Amino acid sequence: MLIFAAKRALTDIVNNKFLHIVSIVTIALSVFIVSAFSLFFNNATDFLDAWRTGVRVIAYVGANVTEPQRTRLEETIRNLNGVSVVEFISKDDAFNDLKQKIGQQSSLLDGLDKNPLPDSFEITLTDSYRRLEDIEKLSQSIGGLPYVEDVEYAQKWLHRFNGIYNLFKVTGLVLVSIFFIATLLIIANTIRLIMYSRREEIEIMRIIGADEEFIKYPLFLEAVAQGFLGGVAGILMLYLAFILTVPNLAPETVFSFFEIRFISVKFSLTIVLCSMMIGWVGCFFSIRKFLKL
Amino acid sequence: MLIFAAKRALTDIVNNKFLHIVSIVTIALSVFIVSAFSLFFNNATDFLDAWRTGVRVIAYVGANVTEPQRTRLEETIRNLNGVSVVEFISKDDAFNDLKQKIGQQSSLLDGLDKNPLPDSFEITLTDSYRRLEDIEKLSQSIGGLPYVEDVEYAQKWLHRFNGIYNLFKVTGLVLVSIFFIATLLIIANTIRLIMYSRREEIEIMRIIGADEEFIKYPLFLEAVAQGFLGGVAGILMLYLAFILTVPNLAPETVFSFFEIRFISVKFSLTIVLCSMMIGWVGCFFSIRKFLKL
Amino acid sequence: MHAERKNTIIRMFNVSKRYGKMEALSNLSLEVRKNEFIFVTGPSGAGKSTMIKLLYKGESASSGAILVDGMNLARISRKQIPMLRRQFGVIFQDFKLIPTKTVFQNVALVLAVAGLKPKEIYPRVMDVLERVGIDDRAEEFPPVLSGGEKQRVAVARAMVGGPKIVLADEPTGSLDPDSAAHIFQLLRAVHEAGATVIVATHDQQMINNHDGRVVRLEKGRMAREN
Amino acid sequence: MHAERKNTIIRMFNVSKRYGKMEALSNLSLEVRKNEFIFVTGPSGAGKSTMIKLLYKGESASSGAILVDGMNLARISRKQIPMLRRQFGVIFQDFKLIPTKTVFQNVALVLAVAGLKPKEIYPRVMDVLERVGIDDRAEEFPPVLSGGEKQRVAVARAMVGGPKIVLADEPTGSLDPDSAAHIFQLLRAVHEAGATVIVATHDQQMINNHDGRVVRLEKGRMAREN
Ligand SMILES: Nc1ncnc2c1ncn2[C@@H]1O[C@H](COP(=O)(O)OP(=O)(O)OP(=O)(O)O)[C@@H](O)[C@H]1O
Ligand SMILES: Nc1ncnc2c1ncn2[C@@H]1O[C@H](COP(=O)(O)OP(=O)(O)OP(=O)(O)O)[C@@H](O)[C@H]1O
Ligand SMILES: [Mg+2]
Ligand SMILES: [Mg+2]
Chain A
2 MLIFAAKRAL TDIVNNKFLH IVSIVTIALS VFIVSAFSLF FNNATDFLDA WRTGVRVIAY
62 VGANVTEPQR TRLEETIRNL NGVSVVEFIS KDDAFNDLKQ KIGQQSSLLD GLDKNPLPDS
122 FEITLTDSYR RLEDIEKLSQ SIGGLPYVED VEYAQKWLHR FNGIYNLFKV TGLVLVSIFF
182 IATLLIIANT IRLIMYSRRE EIEIMRIIGA DEEFIKYPLF LEAVAQGFLG GVAGILMLYL
242 AFILTVPNLA PETVFSFFEI RFISVKFSLT IVLCSMMIGW VGCFFSIRKF LKL
Chain B
2 MLIFAAKRAL TDIVNNKFLH IVSIVTIALS VFIVSAFSLF FNNATDFLDA WRTGVRVIAY
62 VGANVTEPQR TRLEETIRNL NGVSVVEFIS KDDAFNDLKQ KIGQQSSLLD GLDKNPLPDS
122 FEITLTDSYR RLEDIEKLSQ SIGGLPYVED VEYAQKWLHR FNGIYNLFKV TGLVLVSIFF
182 IATLLIIANT IRLIMYSRRE EIEIMRIIGA DEEFIKYPLF LEAVAQGFLG GVAGILMLYL
242 AFILTVPNLA PETVFSFFEI RFISVKFSLT IVLCSMMIGW VGCFFSIRKF LKL
Chain C
24 MHAERKNTII RMFNVSKRYG KMEALSNLSL EVRKNEFIFV TGPSGAGKST MIKLLYKGES
84 ASSGAILVDG MNLARISRKQ IPMLRRQFGV IFQDFKLIPT KTVFQNVALV LAVAGLKPKE
144 IYPRVMDVLE RVGIDDRAEE FPPVLSGGEK QRVAVARAMV GGPKIVLADE PTGSLDPDSA
204 AHIFQLLRAV HEAGATVIVA THDQQMINNH DGRVVRLEKG RMAREN
Chain D
24 MHAERKNTII RMFNVSKRYG KMEALSNLSL EVRKNEFIFV TGPSGAGKST MIKLLYKGES
84 ASSGAILVDG MNLARISRKQ IPMLRRQFGV IFQDFKLIPT KTVFQNVALV LAVAGLKPKE
144 IYPRVMDVLE RVGIDDRAEE FPPVLSGGEK QRVAVARAMV GGPKIVLADE PTGSLDPDSA
204 AHIFQLLRAV HEAGATVIVA THDQQMINNH DGRVVRLEKG RMAREN
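Chains as they are written, first to last, in our numbering: chain A, 2 to 294; chain B, 2 to 294; chain C, 24 to 249; chain D, 24 to 249.
Extracted from the complex, chain A is given alone in its bound form:
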């Protein structure tokens, strides 16, 4: 049954080349739009994520802590969930840092007779542990450890950044959904137009006694094949556009920490699968009208 349907779909494609090409082109362009935006959106999110890498938690160690105690503390912190790197900063290093930070006005520190700064640990978090809530929780746990006097992190900055990050993510998801729905409707519309110009053929088949399945199966197969070809073509177009434009954007000259990546193979496959499904769904909805003839 399926083999015969496939065979008939094949001759049908040969007999209606123009319509199939138009359909594939429209699907390809739609896939191109959605995946281009996804590409942009993914990279922008990654970019913001990479920026967040700078987030560090500083734990200040009490003044009278002995070296073995400190070493134990370091070990404890290192074993906490979400901690990636722990670096010890002696109070002398901290003093020198401060001098550099104040820069021009550093001469005013020369008058000091002793370094009033404490020892500290600079704690870098793992990639998966960078949400605002995670950081807050971790800071609290560290703050509760013995020998830790105080914990500091860029709270204000993080709040702000988190706001941007979430706004961006939500907006992006809204846009992707909108684009997805819009292109889905465009594809359904195109398929409906194709069915419209084939309504005479469908009507004749009905009249000589074809049942719905006989008519539908090859059309569905064709729509799925169109979805497949259109999806692959769309992604190839995106790839072409990608390798043509990205070297000219050259973000790595500005941001050494960040490299623009193409959409993943998995995501590409998902897109192709989606576009096959859209072909099927578009066909499903447009065919009903014309089968009633």
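Hints are computed from structural coordinates only; laboratory data are not their basis.
Any given hint could be a false lead.
[To be verified] As a list, the in silico BS3-like pairs of lysine-lysine whose alpha-carbon atoms are at most 27 Å apart:
#1 K187/D with K140/D
#2 K217/B with K140/D
#3 K290/A with K119/C
#4 K217/B with K142/D
#5 K18/A with K100/B
#6 K119/C with K8/A
#7 K18/A with K18/B
[Stated by the list, open to error] Reference listing, derived: stretches of chain C covered by chain D, where coverage requires no fewer than 3 residues with Cβ under 8 Å from a Cβ of chain D:
#8 62–68
#9 166–172
#10 193–199
#11 222–233
These numbers were taken from a predicted model, which means no experiment stands behind them.
Beta carbons: idealized from backbone N, C-alpha and C, even for Gly.
We have chain A; now place chains B, C and D with the ligands onto it with these hints.
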């Protein structure tokens, strides 16, 4: 001539309702996609711009400058191109600021017997004068003024930000162009499909002696009308989506300085005009094939 | 009208068909026995094609009852319509060939619809194309054929499935006298093989030259039967 | 073939038309005088429709020369084709009515193409629709018409522009004898009003009943002329 063509276009629209509706829907969805992305992109650019408002140039004043000299200097700076606000920061204010900035470690400044900081001007730039080059140029001019000892601005941060800003702008423009071209092709494709299902009609008109103009004029008018209706419908759809989603994004709770704006009336009109033109162009290219019959 | 009930294959009782205000058929009653050969004649617009359309349920009657082979057409479900239509071989007045399929594919479609395998289909289609004299055009598409050639393809399609009932709407209107006579022989052969044949035609000569009951319609009503 | 040159309106000289290997017309030569009435006959696929198609330049001849009213069809530009076609009124074998336009709009199109104003168009179209007996269906669309009704619309469209030359391809194939006779009267009237008329038909009876030169084609060749 045009009146008759318009009349014929009108009866034609009545006679081919389905095809016209499909065409208008496809155009509307395409306009929706492009204008939705433009909306996103404009607001994101504005957002980044608003962030840049924080950029200030600091001019340090020499130690032995008298008050009248300083007042004259302030006047001179205020009259420079691109300067919006000039604020005097006395060395005492600067010292208190510094204390706050170092925060926890501020106790170490208590040991100082005299304030080593200079007086300074904090200079805010006008909105149109915030490109990196502008800031650099302005800093140089200010640095060249008498009684100014040194000029400072967040050079490193600005460079980085500028990188993001430019990357974002370029990427956005690339994407808008891609979306524009893709939707243009989709619309042209749809119009071609419509012409295909009307090829018999066109052929019959040719055969009974219609010249190209007779056939073309109503079709062009119809395509332009479709572009107009589709464009307006697309923008209305965007507006609907806008008022439905934006209150839920609620960015103003995070960023008091920023409010999401809808695309401007001028831009909307441009889009409608473009979509009319696209209708015309799409018709122009697809009609040729079928006029050869 | 005095046919024995068990031999009746088609029975129309008080059938009317209205399109808006236009009444294409009015109170038509007709009984057709198995293996009858019937001519339906009448002027342009009399309702001949409409009658044929009602029989294969291309349209539904506005009122009255139609029974085909024991099935009441007003009662059968959408799912059963294809089965009903496969009982018929229909030659349409406007041919109704699919322009994007070749002559061979157009005729083969009837057999594919009936579920035959490609290797059974091929010889049967070529055979019937040969019988209507169009086998050399099997790979062409209908739009390039002459009027008479299209009509012969339509005839071939109607006969290829070995239908119980042949409905022929003006089957020789585009044919020269020789070809027309040839097509008529084919219809006769199908008839002799056991099929019921209903031919709608204006061709008075054709009617005179052949045996068969003649039903004459005028403005949608039965005018005369003999 | 001995017409005086200045009265010749159509001249075909050694015209052939090939479609791939298929030769639809071979070395056809024919001269038609102004206001002649010509029957073209011949079996299915003989090339009658092809000949008509060549005359209005629906296709170009593969070889040979065709002159219509002094114009060499091989030489005229694309821009001139519409002007040429407006000289003709053509009744197509498959009617070629626009399905999405009403009967009225279909017929009116010929006059709109010729540049007439709507208020001039209306009475002329209604008049010709009345003459072919289809005026009561003016606001209907072709797909709902019966075969004969469509054909009468096609006839109306061919005559409404007052053409110099009428090309009628099987103009009565879907009509009952009475309607056919009526249409023939109309063609006669057009002829008497000065038009040249070329009728392609299989209807031998029609040919016998009317005056006119008969050209017989067979397999694309001139078989007999009388
Ligand atoms: N779908 C429809 N809508 C409106 N009127 C219709 C429709 N179908 C048929 N008619 C009308 O019904 C009448 C009968 O049509 P039908 O096609 O049965 O005539 P016919 O006897 O086959 O004529 P012909 O010999 O010209 O083919 C005609 O006047 C036709 O216009
Ligand atoms: N576009 C085409 N491509 C290929 N063959 C064609 C084309 N047009 C016509 N033919 C062939 O040319 C031959 C002559 O066709 P034409 O339509 O002129 O015949 P006709 O005399 O009008 O026949 P009928 O009486 O059946 O209408 C036919 O065999 C036809 O199949
Ligand atoms: Mg009929
Ligand atoms: Mg012909």
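Practice task
Below or equal to 27 Å on CA atoms is what counts here, so check K119/C against K8/A.
Solution key: Between K119/C and K8/A the Cα gap is close to 23 Å, so the pair holds against 27 Å.
Handout entry: Restraint status (C-alpha distance of K18/A to K100/B at most 27 Å)
Key = At roughly 77 Å apart (the allowed maximum being 27 Å), K100/B and K18/A break the hint.
Handout entry: Three-residue Cβ test at 8 Å for the coverage of the region 62–68 of chain C by chain D
Key = holds (count 5)
Handout entry: Holds or violated: K217/B to K142/D, with C-alpha atoms at most 27 Å apart
Key = Holds - the C-alpha atoms of K142/D and K217/B are around 23 Å apart, at most 27 Å.
Exercise for the section: Count residues of the region 193–199 of chain C with a Cβ under 8 Å from any Cβ of chain D, then say if the count reaches three. Expected result: Coverage by chain D holds for the region 193–199 of chain C (5 residues, Cβ < 8 Å).
Handout entry: Claimed coverage, the region 166–172 of chain C by chain D - three or more beta carbons nearer than 8 Å
Key = Three-residue rule met by the region 166–172 of chain C, so holds; n is 5.
Problem - Pair hint K290/A and K119/C, alpha-carbon separation not exceeding 27 Å - result: holds, 20 Å
Handout entry: Within 8 Å of chain D (C-beta), three or more residues of the region 222–233 of chain C
Key = With 3 residues close enough to chain D, the hint holds.
Exercise for the section: Mind checking the alpha carbons of K217/B and K140/D for me, to see if they're no more than 27 Å apart? Expected result: holds, 19 Å
Problem - Straight-line alpha-carbon gap K187/D to K140/D, limit 27 Å - result: Judged against 27 Å, a Cα distance of about 21 Å means the pair holds.
Exercise for the section: Assess, step by step, whether the Cα of K18/A is no farther than 27 Å from the Cα of K18/B, and give holds or violated. Expected result: holds, 26 Å
Checked against the numbered hints above, the structure breaks only hint 5 and satisfies the rest.
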